[in-house]
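Peer 1: Residues per chain, in single letters:
Protein chains: 2
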Amino acid sequence: MGVTVEMTVYEDRLQRLRARMEREGVDAMYLVMSGDLQYLTGVKRPPHNPTDDDKHGDELYGMYLTQERGPVFVVPRMGASDYVSEQSEGRDWIDDIIVIDEEDHPEDAASSLLERMGTPNRLAVSDRMWARALFLLRRVAPETCFCNARDLIVPMRAVKDEEETRIMQEAGRITDSAFSAVLKRLRLGMTDYDIAREIEHQLVLHGGSGVSFHTTVQICGADPAAAGGESVPVQPGSVIAFDFGVVYEGYVSDFGRTVFVGEPDQKFVEYHDAVMEAQSVAISAMRPGEVTAAELDRKARDVIDGRGWGDFFTHRLGHGIGIDVHEPPFLYQLDDTVLQEGMCFTVEPSIRIPGAVCVRVEDVVQVTPDGGSPFTSFSRDYLII
Amino acid sequence: MGVTVEMTVYEDRLQRLRARMEREGVDAMYLVMSGDLQYLTGVKRPPHNPTDDDKHGDELYGMYLTQERGPVFVVPRMGASDYVSEQSEGRDWIDDIIVIDEEDHPEDAASSLLERMGTPNRLAVSDRMWARALFLLRRVAPETCFCNARDLIVPMRAVKDEEETRIMQEAGRITDSAFSAVLKRLRLGMTDYDIAREIEHQLVLHGGSGVSFHTTVQICGADPAAAGGESVPVQPGSVIAFDFGVVYEGYVSDFGRTVFVGEPDQKFVEYHDAVMEAQSVAISAMRPGEVTAAELDRKARDVIDGRGWGDFFTHRLGHGIGIDVHEPPFLYQLDDTVLQEGMCFTVEPSIRIPGAVCVRVEDVVQVTPDGGSPFTSFSRDYLII
Numbered sequence: 001m002g003v004t005v006e007m008t009v010y011e012d013r014l015q016r017l018r019a020r021m022e023r024e025g026v027d028a029m030y031l032v033m034s035g036d037l038q039y040l041t042g043v044k045r046p047p048h049n050p051t052d053d054d055k056h057g058d059e060l061y062g063m064y065l066t067q068e069r070g071p072v073f074v075v076p077r078m079g080a081s082d083y084v085s086e087q088s089e090g091r092d093w094i095d096d097i098i099v100i101d102e103e104d105h106p107e108d109a110a111s112s113l114l115e116r117m118g119t120p121n122r123l124a125v126s127d128r129m130w131a132r133a134l135f136l137l138r139r140v141a142p143e144t145c146f147c148n149a150r151d152l153i154v155p156m157r158a159v160k161d162e163e164e165t166r167i168m169q170e171a172g173r174i175t176d177s178a179f180s181a182v183l184k185r186l187r188l189g190m191t192d193y194d195i196a197r198e199i200e201h202q203l204v205l206h207g208g209s210g211v212s213f214h215t216t217v218q219i220c221g222a223d224p225a226a227a228g229g230e231s232v233p234v235q236p237g238s239v240i241a242f243d244f245g246v247v248y249e250g251y252v253s254d255f256g257r258t259v260f261v262g263e264p265d266q267k268f269v270e271y272h273d274a275v276m277e278a279q280s281v282a283i284s285a286m287r288p289g290e291v292t293a294a295e296l297d298r299k300a301r302d303v304i305d306g307r308g309w310g311d312f313f314t315h316r317l318g319h320g321i322g323i324d325v326h327e328p329p330f331l332y333q334l335d336d337t338v339l340q341e342g343m344c345f346t347v348e349p350s351i352r353i354p355g356a357v358c359v360r361v362e363d364v365v366q367v368t369p370d371g372g373s374p375f376t377s378f379s380r381d382y383l384i385i
Numbered sequence: 001m002g003v004t005v006e007m008t009v010y011e012d013r014l015q016r017l018r019a020r021m022e023r024e025g026v027d028a029m030y031l032v033m034s035g036d037l038q039y040l041t042g043v044k045r046p047p048h049n050p051t052d053d054d055k056h057g058d059e060l061y062g063m064y065l066t067q068e069r070g071p072v073f074v075v076p077r078m079g080a081s082d083y084v085s086e087q088s089e090g091r092d093w094i095d096d097i098i099v100i101d102e103e104d105h106p107e108d109a110a111s112s113l114l115e116r117m118g119t120p121n122r123l124a125v126s127d128r129m130w131a132r133a134l135f136l137l138r139r140v141a142p143e144t145c146f147c148n149a150r151d152l153i154v155p156m157r158a159v160k161d162e163e164e165t166r167i168m169q170e171a172g173r174i175t176d177s178a179f180s181a182v183l184k185r186l187r188l189g190m191t192d193y194d195i196a197r198e199i200e201h202q203l204v205l206h207g208g209s210g211v212s213f214h215t216t217v218q219i220c221g222a223d224p225a226a227a228g229g230e231s232v233p234v235q236p237g238s239v240i241a242f243d244f245g246v247v248y249e250g251y252v253s254d255f256g257r258t259v260f261v262g263e264p265d266q267k268f269v270e271y272h273d274a275v276m277e278a279q280s281v282a283i284s285a286m287r288p289g290e291v292t293a294a295e296l297d298r299k300a301r302d303v304i305d306g307r308g309w310g311d312f313f314t315h316r317l318g319h320g321i322g323i324d325v326h327e328p329p330f331l332y333q334l335d336d337t338v339l340q341e342g343m344c345f346t347v348e349p350s351i352r353i354p355g356a357v358c359v360r361v362e363d364v365v366q367v368t369p370d371g372g373s374p375f376t377s378f379s380r381d382y383l384i385i
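These protein sequence lines are chains A and B, in that order. The numbering of the first sequence is my numbering, which starts it at 1 and goes up by one. The numbering of the second sequence is my numbering, which starts it at 1 and goes up by one.
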C-alpha cells in the first residue's frame with residue numbers, strides 16, 4: 001500500500017509539472033541531480049562532498065522530461081549508475097536510465113540526449129546546472145532556447161503535502177531529542193568542536209542519516225572581548241549559540257537555540273526576550289493568504305527595531321526549507337510571495353554584536369490556517385545549564 | 001617573511017593567468033567561490049554543505065579579474081562578507097571587495113559588475129558557475145561572448161609547486177597517522193558508521209580541518225552473499241575496504257587500503273596481489289614527459305586484465321588532486337595529457353565483484369623524474385588484524 005501511495009504522489013507531481021511546461025511553452029526539461037529529482041521521482045540526491053568531485057559525465061548527471069518521454073535518468077557509470085539503478089527499483093514512473101561510460105565523449109552523449117528529447121525549441125534546465133553543461137548543450141543544440149526551470153518547480157516544492165509534512169515533523173522530533181541529549185552531555189571545558197561532534201552523533205543515534213549543513217556552535221565567553229571574538233571552551237558565564245540540522249528520509253531540519261552557562265546577565269536577558277518576541281510575532285502571523293514573505297520579515301524586524309537593536313539583526317528572517325536547507329521563497333524584503341498553507345520556513349531572528357553578543361533562535365514552522373506550526377518544540381525560555 | 005613568499009606566489013599566479021587570458025583573447029574572468037579562488041588569491045573556499053544552501057547573492061559569490069582590475073571579490077552580505085574580509089587581511093593583491101546586500105536586486109548587481117569589468121567582449125566564467133548566474137550575466141551583457149575558464153586555469157593548478165607539495169605531503173602524513181590510530185581501535189562488532197566516525201575524529205585530532213569527501217568504509221562479511229551485499233559489523237573473516245581523505249591547509253588527501261580480519265582466503269590474496277602490482281607498475285611509470293594519462297591507465301589495467309579480472313576493475317585508474325578531491329587531468333582513456341613534473345594523481349586500481357569482493361588501494365602520488373612519489377607511506381602488504 002505504501003508503494004501505491006508513493007506512485008500516486010510522484011506521478012501526480014510529474015503530471016502537474018508537464019501541465020506547467022505546456023502552459024509555459026517549455027518542450028523539455030533537463031534537471032541535474034538535486035532535490036528536484038527526489039521531489040519528482042523519489043530518487044534521493046546523495047549529500048554533496050565538502051570539496052569538488054568530478055567523475056566522467058558528472059556535468060550531465062540528472063534526468064530529462066518531455067511530454068512524451070521521461071523521466072529518463074542520465075548517470076555516470078562510476079559512482080552513480082549502481083545507486084540510481086537500486087533507487088529506481090519498483091519506481092515504475094521512471095522511464096529509463098541512460099549510462100554515460102568512461103569511453104563516451106561528452107559531446108556525443110549530449111547530442112544523443114538532445115536527439116532523444118526531440119531537439120526541443122525551448123529547454124528548461126536546472127538553476128544550478130554547471131556552466132560546463134550549459135555550454136555543452138548549447139554547442140550541440142544551437143537552435144534551442146534555454147531557460148531556467150526554477151520558476152516551474154519552486155511553487156510546487158514550496159508547498160509540502162501531508163507525507164512531506166509527516167517526514168519534516170519527524171526530522172523536527174529527531175532534532176529536539178538530539179538537542180536534549182546534547183545538553184545533558186555539556187560540560188565545562190568542552191570546545192565548539194567537541195559539542196558539534198556530539199550533536200552530529202546524537203542526530204544519527206536518534207534516527208537521522210546525517211547533517212543538512214555544517215553544525216555551528218559558537219561559544220561566547222564570559223568576557224568575549226578578551227577572546228577577540230574567537231570561540232573558547234565552555235566556562236561559567238559562557239553563552240552558547242547553536243545552529244544545526246538533520247537529514248531524515250531526504251528532508252531536513254534547521255534549528256537554533258541560545259544556552260547560558262549560569263545566570264545570564266541582565267542585558268543578555270533583554271536581548272533574548274526581544275529575539276523570542278520577534279519570533280513569536282512572526283509565527284503567529286503565518287496564515288495562508290494573509291501575509292507576504294516580505295511583510296513577515298518586517299513584522300519580526302519591527303520588534304527588534306522597536307528596542308533600538310535593529311542594526312544587530314543583520315540577515316533575513318528565514319528561508320524556505322524541505323529537501324534542501326535553503327529553498328525559495330525567502331523571508332526578506334525582495335520576496336513578495338504570499339504565504340500558502342503547507343509552506344515551511346525557518347523563523348530565525350537574531351541579535352549579533354560581533355565579538356560581544358550572539359543570541360539566536362530558529363525553528364522550522366509550517367503555514368496553517370491557525371498560524372505557524374513549529375516542527376520543533378524545545379523550550380524557548382532561557383536555557384540555563 | 002612568510003607573507004613575502006605568499007604574496008609572490010599569488011601575484012605570480014595572477015600574472016601568469018593574465019598572460020594566458022591575453023593570449024586567448026579573454027578580456028575578463030568571473031570565477032565563482034571555488035578552489036580556483038584559493039589558488040589565485042589565498043582565500044580558502046569553505047567546504048560545501050551536504051544539502052543546497054542559497055543566500056541572497058550566492059549566484060554571484062566569487063571574483064572577477066581583468067587586465068587592469070582585480071581580483072575583486074563579490075560577496076553576499078550574509079554568511080560570506082565577514083569571512084572574505086577576514087581572509088583578505090594582509091593580502092594586498094586583492095583589489096577590492098564588493099558586498100551584495102539583501103536589498104540589492106541581482107540584475108542591478110550584475111549590471112554594475114559588468115560595467116566595472118568594462119563590458120568585456122569575451123568573458124571566461126567558472127566551469128561550475130550556476131546556470132542561474134550565466135542567464136543573469138547574459139541578460140545584462142547580451143553582446144558579450146561567454147566561454148569556460150577551465151582550460152585557462154586547469155594547466156596551472158595541475159602542477160603543484162614546492163609549497164603546495166609540502167602541504168600535500170603533510171596531508172598525507174596526517175592521513176597515515178590517523179589510519180594507524182584507527183586500526184589500533186578496530187574491534188569486532190564495529191559498524192561502518194562507527195569506523196567512519198573514528199576516522200573523521202582521528203583526522204581532526206592529527207591536524208586536519210575536516211574530510212575532503214564522505215568517508216567510505218565497506219565491510220564485506222566472511223560470507224558476503226549471506227548479507228546480500230550490505231555492509232555488516234566487523235567479524236572474523238571480514239574484509240574492510242577504506243576510502244577517505246582529509247583537508248589540511250586547503251589541500252586534500254584521498255587514501256585507500258583493504259584490511260583482512262584474520263587470515264584472508266587464498267583468492268583474496270591473489271586479488272590483493274594483482275591490485276598492488278597494478279598500482280606499483282603505474283607509480284613507477286609516473287615520469288614527466290614519458291607517459292600520458294591514458295597510457296598510465298592502460299599500464300595498470302593491463303596487469304589486472306592479464307590475470308583475467310579486467311571486468312572487475314570498472315573505473316578510471318585515478319584523478320588529479322590538490323585543492324579539490326577530483327581535479328583534471330584524469331587517468332583514463334579519454335585524457336591525453338602528458339604527465340608533467342609536479343602533477344599529483346590518485347593511483348587507485350581495484351577489483352570489485354558486487355556482493356562478493358572489494359579489494360582496493362589508493363595513494364596520492366606526485367610525478368617526479370625518478371617516477372611517482374607517494375604522499376602516503378602506510379604499508380601496502382596484506383593488512384591483517
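Check each hint, because a few of them may be wrong.
Remember, identical chains collapse to one label, so a pair may be satisfied in a single copy or spanning two.
Dumping the calculated DMTMM-like pairs for lysine to aspartate or glutamate here, alpha-carbon to alpha-carbon at most 25 Å [unchecked claim]: (1) Lys55 to Asp243; (2) Lys267 to Glu170; (3) Lys299 to Glu163; (4) Lys184 to Asp305; (5) Lys44 to Glu270; (6) Lys55 to Glu198; (7) Lys55 to Asp92; (8) Lys44 to Asp96.
No lab work stands behind these hints, which were simulated from the structure alone. Predicted model only: the values in this text are computed from it and were never measured.
Peer 1: If a hint holds in the structure, say so; if it doesn't, say that too.
Peer 2: Here is how each hint holds up against the structure:
1. Lys55 to Asp243: Only across copies: Lys55 and Asp243 sit 16 Å apart there, 32 Å inside one copy, limit 25 Å.
2. Lys267 to Glu170: neither (36 Å within a copy, 46 Å between copies)
3. Lys299 to Glu163: neither (30 Å within a copy, 52 Å between copies)
4. Lys184 to Asp305: neither (35 Å within a copy, 57 Å between copies)
5. Lys44 to Glu270: Neither: 43 Å inside a chain and 37 Å across chains, both beyond 25 Å.
6. Lys55 to Glu198: Neither, since 33 Å and 27 Å both go past 25 Å.
7. Lys55 to Asp92: neither (28 Å within a copy, 36 Å between copies)
8. Lys44 to Asp96: Within. Shortest intra-copy distance 17 Å satisfies the 25 Å Cα cut-off; inter-copy 41 Å does not.
The structure fails hints 2, 3, 4, 5, 6, 7 (numbered hints given earlier, in ascending order).
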